[in-house]
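Colleague: So the sequence lines, in the order shown, correspond to chains V and G. Numbered by my numbering, the letters in the first sequence go through residues 603 to 859 in order. Numbered by my numbering, the letters in the second sequence go through residues 91 to 310 in order.
Among the hints, a few may not be true.
[To be verified] Derived pair list, reagent style DSS-like, types lysine-lysine, alpha-carbon separation capped at 27 Å:
{"hint": "1", "chain 1": "G", "residue 1": "Lys114", "chain 2": "V", "residue 2": "Lys783"}
{"hint": "2", "chain 1": "G", "residue 1": "Lys262", "chain 2": "G", "residue 2": "Lys249"}
{"hint": "3", "chain 1": "G", "residue 1": "Lys142", "chain 2": "V", "residue 2": "Lys754"}
{"hint": "4", "chain 1": "G", "residue 1": "Lys139", "chain 2": "G", "residue 2": "Lys114"}
{"hint": "5", "chain 1": "V", "residue 1": "Lys652", "chain 2": "V", "residue 2": "Lys677"}
{"hint": "6", "chain 1": "V", "residue 1": "Lys783", "chain 2": "G", "residue 2": "Lys293"}
{"hint": "7", "chain 1": "G", "residue 1": "Lys293", "chain 2": "V", "residue 2": "Lys623"}
{"hint": "8", "chain 1": "V", "residue 1": "Lys712", "chain 2": "G", "residue 2": "Lys142"}
{"hint": "9", "chain 1": "V", "residue 1": "Lys783", "chain 2": "G", "residue 2": "Lys139"}
{"hint": "10", "chain 1": "V", "residue 1": "Lys822", "chain 2": "V", "residue 2": "Lys805"}
{"hint": "11", "chain 1": "V", "residue 1": "Lys706", "chain 2": "V", "residue 2": "Lys652"}
{"hint": "12", "chain 1": "G", "residue 1": "Lys303", "chain 2": "V", "residue 2": "Lys677"}
{"hint": "13", "chain 1": "V", "residue 1": "Lys625", "chain 2": "G", "residue 2": "Lys308"}
Derived from the structure by calculation, the hints contain no laboratory data.
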Amino acid sequence: MGRESVGERSLTMETIYSCFKDKIGQVILPGDVFSFDVSAAEDSVVRAEKVICGPGLRRNGDEILVHKSGILRHKAPNLYWIDSQQKRYVPAKGESVIGIVTAKSGDIFKVDVGGSEQASLSYLAFEGATKRNRPNVQVGDLVYSQFIIANKDMEPELVCIDSCGRANGMGVFGADGLLFKVSLGLVRRLLAPQSDIVKDLEKIFPFEMVVGMNGRVWVKAKTVQQTLIVANLLESCENMTAQQRQVLFRRVAEGSL
Amino acid sequence: MEEMEEGVCAVLREYGSEQNLLSKPDGSATFLQGDTSVLAGVYGPAEVKVSKEIYDRATLEVVIQPKVGMPSVRERAREQCVRETCEAALLSTLHPRSSLTLILQVVHDDGSLLSCCLNAACMALMDAGLPMGRLFCGVTCAIDAESQIITDPTAQQEKECRALMTFAIDSKDRNVLMSSTKGSFSVKELQQCIAVSQKASEKIFQFYRDSVKRRYSKIL
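Construct all of the structure, not just a fragment, from the sequences and the given hints.
Modeller: Structure representation (structure tokens):
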């Protein structure tokens with residue numbers, strides 16, 4: 603840490619140039635700049651490591667710029683990203699989201715995914731849909747679908763089939779149940795492979811859950827009361843540590859029996 | 091950068107902040123400087139009206155609500171200052187044809203209001219997760235009748251001073267992003283005030299860092 607100043611930078615300014623690896627697991631802020639690990643002795647050939655930048659990081663020649671505040675995470679061998687807490691969803695290709703159908707116009711449905719624009723979903727992007735056999739989708743329905751086009755320059759597009767043409771769990775759902783919104787960080791924790799929160803919730807009572815990466819969660823349990831309990835528990839999980847959450851779930855489990 | 095004269099030090103009032111306190115906005119923060127307190131809320135990137143959309147960048151709207159009464163020309167001038175600073179710091183080309191709305195509510199005004207608005211705005215933009223190229227902070231300096239430089243003046247000190255200056259300083263190179271001045275002063279005094287503000291901004295940036303660390307401490 604603390605490299606010597608470059609060029610005409612004044613000594614009173616503390617520009618943070620430091621090696622990336624030192625900062626893994628620490629909080630970094632926008633405006634922090636990192637350069638690659640260049641030892642002073644070998645200045646003949648600068649070997650820049652191949653670094654893959656995930657969300658929150660941008661490449662600028664030899665430097666990596668941070669544009670979100672959060673914790674720097676690392677996955678071997680060379681993937682780095684910023685783990686930040688956010689409420690607003692920005693569409694990204696390949697992510698599965700829960701959308702609400704807002705309009706039918708011509709050959710496409712307009713779907714609200716919580717981003718800055720409404721996404722479009724074609725009639726033919728459902729399993730077994732043809733021009734004669736149209737899918738049964740009404741305005742106001744919930745659809746679980748995946749982005750095939752999502753960048754800053756184009757209107758986002760969704761599909762309800764995978765690359766083989768099978769639905770694979772996607773499509774219209776949600777005859778009953780409750781849809782609510784949580785933060786994106788909680789959604790990522792719910793979707794993690796061995797999620798503690800889901801395991802703890804399963805022990806209380808059985809329920810169905812659909813989690814969209816845009817922060818929307820749909821739950822359905824046997825009775826309306828149980829559905830509301832699950833929804834409230836999920837919403838309150840956001841700001842709790844693991845111990846507080848387990849204490850709360852145990853209290854609810856005892857209370858509902 | 092000019093050397094600072096002896097006896098001029100950057101003394102700031104006690105400051106505090108809190109992030110993510112409102113449930114509806116995508117990002118919110120409050121910033122306190124002494125008795126001055128401002129609450130900021132950010133919405134975005136959201137849908138934008140076709141008449142207001144810009145094809146290659148995000149449209150930033152700033153609204154400052156005074157504590158009492160309707161917003162007037164004074165608030166419009168402050169909104170312009172805050173908007174110019176935010177546009178310099180945000181990477182708005184990452185969200186073209188979207189709208190970013192920043193709403194600042196003055197909770198109490200005891201001097202240094204514009205710099206408190208800037209600090210609250212920066213913390214709210216960070217809380218919302220909007221892409222920023224650099225952070226910024228606001229520092230107010232007043233030159234009183236004896237030509238002493240006072241940083242972070244109270245409302246009483248602002249009334250009695252002969253010049254009042256607010257600077258927005260950025261975190262990467264400590265450059266001045268925005269300056270808003272009132273009153274009469276010499277060029278040398280202006281440069282001294284800029285130097286004092288740059289020194290004071292380091293304390294504020296360290297405070298931002300500590301605030302964000304505290305916020306993420308639960309999931310660390």
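Colleague: For each hint, tell me whether it holds in the structure or not.
Modeller: Against the structure, the hints:
no. : hint                  : verdict
1   : Lys114(G) - Lys783(V) : holds (11 Å)
2   : Lys262(G) - Lys249(G) : violated (33 Å)
3   : Lys142(G) - Lys754(V) : holds (17 Å)
4   : Lys139(G) - Lys114(G) : holds (21 Å)
5   : Lys652(V) - Lys677(V) : holds (13 Å)
6   : Lys783(V) - Lys293(G) : violated (37 Å)
7   : Lys293(G) - Lys623(V) : holds (26 Å)
8   : Lys712(V) - Lys142(G) : holds (22 Å)
9   : Lys783(V) - Lys139(G) : holds (25 Å)
10  : Lys822(V) - Lys805(V) : holds (15 Å)
11  : Lys706(V) - Lys652(V) : violated (46 Å)
12  : Lys303(G) - Lys677(V) : holds (22 Å)
13  : Lys625(V) - Lys308(G) : holds (18 Å)
Hints 2, 6 and 11, counting from the list given before, are not met by this structure.
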